[in-house]
Amino acid sequence: MTIALETQNLEKTFGGLRVTRDLSLKIEQGARHALIGPNGAGKTTVINQLTGVLKPNSGRILLEGQDIADLPVHKRVLRGLSRTFQINQLYPDLTPLETIGLAVSERLGHGGDWWRRMGTRSDVNGEIAELLTRFHLLDVMNEQTVTLPYGKQRLLEIAVAIAAKPRVLLLDEPAAGVPESERHDILAVVGSLPRDVTVLLIEHDMDLVFSFADRISVLVSGALLTEGPPEQVARDPQVKAVYLGEEAVNV
Amino acid sequence: MTASSDVGFHAQRQARWHYGEFAFWLVVLACGFLFPTRYLIMTDILRLALFAMSLDLILGYAGIVSLGHAAFFGVGAYAAGLLALHGIINEPVLALIVAGLAAMVLGFATSFLVIRGVDLTRLMVTLGIALLLEALAERFSNITGGTDGLQGIEMQPIFGEIPFDMFGKAGFFYSLAVLFVLFLFARRIVHSPFGLSLRAIKNNPLRAAAIGIPVNRRLIAIYTLAAFYAGIAGALFTQTTAIASLDVFAFERSADLMLVLVIGGTGYLYGGLVGAVVFRMLQELFSTITPQYWQFWIGLVLVVIVLVGRQRLHRWVLYVPNLVIKQVAGRKSVVAVPESDA
Amino acid sequence: EDSVKVGLILPMTGGQASTGKQIENAIKLYMQQKGDTVAGKKIEIILKDDAAIPDKTKTAAQELIVNDKVNFIAGFGVTPAALAAAPLATQAKIPEVVMAAGTSIITERSPYIVRTSFTLAQSSTIIADWAVKNGIKKVATLTSDYAPGNDALNFFKQNFTAGGGEVVEEVKTPLANPDFAPFLQRMKDAKPDAIFVFVPAGQGGNFMKQYAERGLDKAGIKVIGPGDVTDDDLLNNMGDAVLGTVTAHLYSAAHPSAMNKDFVAAYKKAFGNRPGFMAVSGYDGINLIYEALKKTGGDTNGDKLIEAMKGQKWESPRGPISIDPETRDIVQNIYIRKVEKVDGELYNVEFATFEAVKDLGKTKK
Amino acid sequence: MSDLLAIDALRAGYGEAVVLPKMSLSLAEGQVLALLGRNGTGKTTLINSIVGVTRRFSGTVALAGIDVTSLRPDQRARAGIGWVPQERNIFRSLTVEENMTAVAQPGPWTVEKVYEMFPRLKERRSNFGNQLSGGEQQMLAIGRALTLNPKVLLLDEPTEGLAPIIVEELLKAIGTITRAGGICSIIVEQNAQKILGLADRVVILERGTIVHDAPSAALKADPSVLERHLGVAGAAH
Amino acid sequence: MTAILTNLFDGVAYGMLLFVLACGLAVTLGLMNFVNLAHGAFAMAGGYVCMVLVNRMGWPFFAALPLAFVSSAAIGIALERTLYRHLYTRSHLDQVLFTIGLTFMSVAAVDYIQGSSRVFINLPAVLQGQFDVFGVGIGRYRLMIIVICGLLTIGLQMVLTKTRFGSRLRAAVDDPRAASGLGINVPQVFAFTFAFGCGLAGLGGALSAEILGLDPYFPLKFMIYFLIVVTVGGSSSITGPFLASLLLGIGDVAGKYYVPKMGPFVIYTMMIVILIWRPNGLFGRTAAR
Ligand SMILES: Nc1ncnc2c1ncn2[C@@H]1O[C@H](COP(=O)(O)OP(=O)(O)OP(=O)(O)O)[C@@H](O)[C@H]1O
Ligand SMILES: Nc1ncnc2c1ncn2[C@@H]1O[C@H](COP(=O)(O)OP(=O)(O)OP(=O)(O)O)[C@@H](O)[C@H]1O
Ligand SMILES: [Mg+2]
Ligand SMILES: [Mg+2]
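Protein chains in written order, with our numbering: chain A, 1 to 251; chain B, 252 to 593; chain C, 594 to 958; chain D, 959 to 1195; chain E, 1196 to 1484.
Derived by calculation from the structure, the hints in this document are not laboratory data.
These numbers were taken from a predicted model, which means no experiment stands behind them.
Incorrect hints may appear among the rest.
Within a straight-line C-alpha distance of at most 30 Å, the following computed DSSO-like cross-link-like pairs (lysine-lysine) qualify [claimed, not checked]:
id	chain 1	residue 1	chain 2	residue 2
1	E	1456	C	811
2	A	55	D	1178
3	C	784	E	1357
4	E	1416	C	861
5	C	750	E	1456
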């Protein structure tokens, strides 16, 4: 199996606090990998380093074998690393059509076009239409994002990440704020991605995690506690003690 | 209609010309024939409008605030003045472009200082740059004429054919032509993916980067372009007034500009044009009534504008045009109402 | 038509507003005293504010000429403003009466410009000569870094060094300068006999206050200069530290003529404070317009008016003055004055007179 | 029975929009009420209306027998309402500790006691609000509401983003606090299963109206109600 | 050596002059995040009140100073209750437009009432002149400004960091809705703080009049200086603007003394360099607002 995304001895401190400690993670290509751990364990911080929002103090980040630790955020996206945010990061004044349109244009390298008008490329239009349909956003495509219901916004958040056609997709609590009845829809969309797309999921909803992941890493205080297939992690007494508690987990 | 062509249709929605826009430009052109004695003030408004449009490009679209936009205006003004004074380039249109490019170079150089930081920082850094340039222009008085400004500028005819006249007629139509061409250019740009990406950056830079937009490069590009526009406005100023003096760099010029744009509304290109008209007319009106205390009344108007709310005012002001257009075209609101600002 | 229009362009707002106010007041006073008709024509003043910004001046002048069809343009608070209007005066062939701006070159920029204010060369050279004669050997200069300041500095230096004096320190302060402390400290450390000062009207108070605060007066360093530092407008507010300051200037509210006494009294009555030299320049400016009209019999042809103005001589509150027929610039007495207390108020008391001084900026060429 | 919280015919919403047409609800001391409902049915609006930060058209809210309808939100808070907003609304330029001390009122809940409940917060006590992880913010929001020493504790989706082990402890704690006396609680939850064990009573909203109000035991017995109103299989797990 | 010390003293004094002018703005802009460009107008009001009391009515200077504070604070609270409070939630650009409007009005109004000539406040003899300490000339008035500023800074910083009022204020600024729902009387906190900021402005106006002079254009002329101090200092504390004032004051004075030709360049260059180095100001909180 090839490794899609890998960190080597990643270190990150905030002031005196070591938030990522000598972290070496390997995520195989096509994996459905989950990253769990107590609050403040440093999961979001890891994602932020992977995507370039934060700079690690030391360590390497390899995307498909190439070191991307020094690339700026947007270059990593163009290399196929895309993410969603724990708290929605959308463009309040733009419409879903524009939001997704931008993401598609950037990926196809038309983002810098300053002379050709938006909406005049049929390949881009086709792709936008496809995404809007897939995420049930077609009916609201001309509404301002701020005015959309939360659920739609959450869908848009994920649609934007997928519009970048990532080879590795990082999902930070994608189900946050989404009601139980709709959680599985979101994961269904993610699940329907091509098998060679690698997905890393952060989530506190154990039902979701265990129904989705084929491999789980547990992060505690910035360091890797354990890693393995879901059954093994669910049974691990250490994981139970620091994270799962007594909750019954369906594996 | 398929979903794809539907998407294409809606994506181009904003880029299509509205009737209101045609009407707007026709009215502007008509003014040139209706008020032959007021060319000067109208030229002044056109210059200010162009200058405000330049600020709108960075403020309304990319969300970069600036209190030092006069820096580029000033460089354009002095460049045009020096070119004419020393007979380096005698043809005004060519000189205009060269002056714009000079401002653009400065814009590019300073853009690196401006893209960092929060609003307040940007305000102060841009302001500082403009003040520094003013001080420099004062210090190098052998080139700039110091506080006296450049003296003895004489403009050659446009294209060697049309001379600038004392009543400002040539100046007016010249300025109008320049403004219109640059407006078309700006309009094209803001409706391109590039323009849309600027709005995305203004809305949420973090997300913009996370979909692959090279944020800094885009900001530098638009800042540089805006500097070009401002430089052109400055050069127009020198060419139509035959004056270039230190106050082209003045803080007041940048501050007025901000007021113009805030009055007119940002992010729809017409804001600068509308604001320039409103602001100058008010100034003219009040300073005719009371040359000493006109600032009081301008101040009062600003306060009222804010308290009543720009949105509401726009609705009132555009009520009649929209009503007419609705009758004629059978469409909903056609004259754009600006979105909120940064 | 039986009205004559005068377009008055002044800085009514902004940092130079007090100049504009004084001139406007003086003109109002004059017209109250002398009536608003001359040679059968009614005089109509149209006031525009240019905030001392040249392009506004130019627009205002153009509008006045094209739309209001004025017969004179007048006022002009600062040099760039006066210069900006010059080509228009030439093109429109109407007189431009400069009532405030003081650099030498102005009148050379158009044959239609006349000036009733002053030039800095006039007072700066005179005070230099006076200093040389009165045993002041070493002078430090502090001048505002703009055209009038540089004029003042250069003319002073020229006469002072020619007379054997030495300029030991030369500092140019920025035009917008909130605090003189470091500059004054430099002056103090240079230990001159006197400081030659020119700062724009308005900043004189700041300068004098800080001069006293720093104890330069006690260190025996005198202040000399053109009279702008001790402008009557502000003088009374400056405190006793200014006592003994010697300046050369065209006007003092304490000028001991009957005409001046009446003028000062009337001005005070009407506007509540003392007139300064700007007020007098405005007063004389409107007088020149009246006299010219009288001479042409109400004819408003610009060339005729300018001809009529050339060589005019009259008694002004500041003393006898005239318009040089060649340069169209003012010829006036320059007085050496010392600040003294009179009836509990501070005044520039004149003690020497240099008569009929022309603008040396031009005569030297 | 003395009702600690009594809402009567409350009509509330935002701007011109009415979200709760006519809401009546009362809660006795020691009760834990679970508020369920799909997205956008008005759960948050109800909570916010009790706090007083929505627009009220008509109706009343009473706290411990005192009409607080005309009080400002801050007065209501001081009269005994503790609020954990859905968005958490941590004050970002205040430290963890200041977030609590800024609003604290005298009573049994002190900052120290909150630290006992969430040791994680103690470790991060001098971090600024905007430097906390999502879960830490949630803990702080809860701790902050507790230091107000409220009579009515309003928790809008408090378990969102918290680790399972913390959720367990938190829910237990809320039960203990409420039943220890003088307090009642309303908990908004997405996941019915999580709190059926804790709540005494379950209220389900649909388009701003109560469509189901019963003891939680009844729901446990009859999961079809959940299925009907929330579209989830009740006891499926 | 004495030259250096004298300049140092002058620099410190100039810095404190900047600070006394700007500290009110550090409160309204820095802490309340309200862009109050009319700050200078409140300063001017304080200055003129003090001037009228001292010069025209013969009050002692030290009695008039507190009244400068009080009257500006009173004007501040009146305006806050009627106008400003509608603007807290509005965009910064609206705030700029509104407060510039107010400034224009105040300029014209003062010009109308007091005339456009510059005035000064008559000082008591104790505050005039210099005294010598080991050859270093210490200006009495400047020394007083330094002392007042030092006390103000300490006092303000204590109030803001050590008291609950400070954190309640910051909470109210961060999220007024949540703050109100959690028991903070937001309008009251804002009104009080705003009035206090205006009072400080008034005090600053009265204190600076001796050196800068008072005229109707005061608010516009010095606006840039207030803003420089607050941005360079950073907006999260009072010590930030305090240290920024010191730095700028000393830099400016030294620059003007040693290289007078550089005149105005020093302060602007310092500002740009500092802001590029630290975009949130010397003591800005990263990523706040
Ligand atoms: N800018 C910062 N400065 C200081 N500490 C920070 C900063 N950002 C995050 N932290 C701390 O780093 C730790 C890790 O935060 P992170 O957001 O990565 O946690 P997490 O694993 O995503 O937690 P959760 O599950 O609660 O979202 C937390 O303790 C947080 O307080
Ligand atoms: N600030 C607001 N202005 C206008 N309408 C609003 C506002 N907030 C919420 N609404 C509307 O009020 C209705 C109820 O929203 P509310 O947030 O109370 O639902 P909820 O049950 O809490 O949903 P969720 O499960 O998503 O938290 C929704 O239709 C929503 O669109
Ligand atoms: Mg997280
Ligand atoms: Mg809710």
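**Message:** Check the structure against each numbered hint from earlier and tell me which ones fail, lowest number first.
**Reply:** 2, 3
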